[in-house]
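Sequences are here, hints too, so could you generate the full structure?
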Amino acid sequence: MAIINQATKELQVKIVYYGPAMGGKTTNLVQVHDHVQTAAGNKGKLVSLATSSDRTLFFDFLPIEAMSIKGFKAKFQLYTVPGQVIYNTTRQLVLRGVDGIVFVADSQYEKMAENVESFANLEDNLKTLRLNFPDIPYVLQYNKRDLPNVAPVEYMEFILNNRDVQVPSFSATAHKCEGVFEALNMITRMLLHKYVSQGAPQYA
Amino acid sequence: MASLPQLIEEDIERLDRELRELLEKSDATTALIIDKGGFLISGQGDTRQFDLTTIAALASGAYMANQTIANLVHETSFNSIYQQGEKFSMLVMGVDENCLLVAIFKAQVSVGAVKYFAAPTVKRIAVQLQIAQERDPGVGLDLSELNLADPSEVFKRKT
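Sequence lines, in order, name chains A and B.
Be aware that the first sequence starts at 0, since it is given in numbering that gives the first Met the number 0, and climbs by one per residue.
Be aware that the second sequence starts at 0, since it is given in numbering that gives the first Met the number 0, and climbs by one per residue.
FYI, nobody ran anything at the bench for these hints, they're computed from the structure.
In this text, all values refer to a predicted model and were calculated from it rather than measured experimentally.
The hints are all genuine.
Pairs of lysine to any residue, SDA-like flavour, derived with a Cα cap of 20 Å:
| # | chain 1 | residue 1 | chain 2 | residue 2 |
| --- | --- | --- | --- | --- |
| 1 | A | K42 | B | L57 |
| 2 | B | K155 | A | G43 |
| 3 | A | K42 | B | T53 |
| 4 | B | K157 | A | A38 |
| 5 | A | K126 | A | R162 |
| 6 | B | K86 | B | Q107 |
Shown next, in the form of structure tokens:
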């Protein structure tokens, strides 16, 4: 859950990139790290706890100070989870305190079952953490759109975004930085919007 | 709807005072209060030579991983973790349901002493955090002037 520090005038927010293994979650963070425009010193190091074959073992972590809202520094902490099925306990640990989620789906036809399984796993893990899924803003990113065997976006919408409330979704080719900032900016706006609605009713 | 935990000047002053007292008594180098989700709440001592934001994220992850191991070996909790180094060592202790205390100290400083002095500090920090948690969350930060219709992006890509 976001922390508001009145004394140091900071708002800290945690965004988690979730999705199936090899879907491009770490690539999203690498692209944000490489391409984000920030004032000097506002971008932290990208920390990756990965195996020797570059698969995420625990999480990737990127802290960024993005903007000032009424004098409050907004500090965003971006995390990825390990996508491999066996690391579910680790995914639960990373989800603790989450404010918003970017679900990175793999657009390839043969990965559709893994997308669905990963999404169901996200719902299960949030339940385990006693978090109410509808209360947590999330966006969908359909990654790897540059590959030849991708499912149409409409099909992915039917599979992953076919709920009472549809969420924003983005086509992406993360390794070319396409759709990366779009998804990140949308989840950020949704989070800030949530805090506007819930944070200060007496001032409204 | 979940409330936003807010810390006001009074909370931070009290927390910082507790951390400073711990540093004086234990001879530790740096002391932090962090959230189990990975956020740095407050830090005292030598805060320049370490990347505290990243330490907070990693220390909370390490502590939480150890809690899971505790459950697997039929323990309800491992309340602290200790990492011994050649130059610096680190002790992470549970404060309450949401927070942790991290002490970084020179390797020659006794971990026993740090643990001994940290125990009462942890209790006093827990009391202050409880006060903060129960405070009216509506008081304070007003984000309502944030113009969400503003088309400018929060994160801009380098051109």
